[in-house]
Amino acid sequence: MNVPQYDVAELRRALAEDPRTAELGVQVRIRGDQLFLTGDVACPERRAAIAEVAAEHSDGLALHNEVRVVRHDPPTGQEDLR
Amino acid sequence: MIRIGAVGDVHLGVDMRGTVRPSYADIAEHADLLLLAGDLTRLGTVAEGEVVADEFAGLDVPVIAVLGNHDHQSDAEDKITGLLTDRGITVLEGSATVLDVDGVRVGVAGGKGFGGGFAGKCGHAFGEREMKAFIHHTEEVAERLRTALQGLTADIRIALTHYSPSAETLRGEPPEIFPFLGSYQLAEAIDASDVDLAVHGHAHYGTESGTTAGGVRVRNVAQPIIQAAYRVYTLEPAAVEPAYPR
Ligand SMILES: [Fe+2]
Ligand SMILES: [Fe+2]
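Sequence lines, in order, name chains P and H. Be aware that the first sequence starts at 1, since it is given in the UniProt record's numbering, and climbs by one per residue. Be aware that the second sequence starts at 1, since it is given in the UniProt record's numbering, and climbs by one per residue.
Treat the hints with caution; some may be incorrect.
[Said to hold, decoys possible] Distance windows between CB atoms, simulated: (1) Thr76/P / Ile177/H: 30 to 38 Å; (2) Leu63/P / Ile177/H: 23 to 31 Å; (3) Ala28/H / Thr38/P: 32 to 40 Å.
[Claimed, not checked] According to the in silico footprint, chain H covers these stretches of chain P (three or more CB under 8 Å from chain H): (4) 5-15; (5) 66-76.
Since the hints were derived computationally from the structure, they do not count as laboratory data. Only a predicted model underlies this, so the values are computations on that prediction, with no experimental measurement involved. Ideal placement from N, C-alpha and C gives every residue a C-beta, glycine not left out.
Generate the whole structure from the sequences, applying the supplied hints.
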């Protein structure tokens, strides 16, 4: 039996535990036969690795990699906590 | 005015060497010190620790760090701590440091922290030994944080952890996983210690601003939230001396 909730759990576990990704913060949603990945990662290589691992766990699903690469520009302001 | 720079969860891998340092080249124009709130690496290897050292050592401002859960993944946390320390980065684990910033003593006490959950919705040291070990670890790190904070003699006091002392800065995360994201026991230590600001990371989907139950300001600086190299918070040393010596 194919239960989408278990597929989501398996893929989240793979993304967390596979050393290629080691990402605990990627959100996985399966809607119909569409697989959506969202979240923020440190670099483009990490984003590609997520797609690679996800592809191995998503037979028959159309993969949408909506993961973004985090911005790390110097700050433009400051918060005054006085 | 003291300018606190802070970022968490930079998650550097060996493929990122040289990529983040340029963002910190002019940090002295923005901040007087830089706090790193843990999850410095992805897999917690020594090789990744060396990348962290290469990226953050020798900046124009002092760098103070705690480790995160990712930095423990390869059981190399002591080696990573050692190599960062050798490169001039202060790594806190149940310990504290005081910096002199233009005559103002800025005290930072910190440690990784741990989960367990928040008051009324938390785990207890009861039952299986695995459950007791989980909660006992939280109690231990919270107690060491309290001791480190209360040992500080400083004009401004900052608590730096990886795990969150507040549920408020977790808004955006599924409530079911709050017990893996922080613990109220960290906040108890902070609230008992006259802290001006608590800084943490770990909750990539949380919220930047919150407070502890006792009203201390908390900032979640996980990089996916702040979407910048670091945030800057300004603090002024208390104008009125507290009733007991700091
Ligand atoms: Fe993280
Ligand atoms: Fe973390």
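Practice item. Would you pick out the hints that fail for this structure and give their numbers low to high? Key: 4
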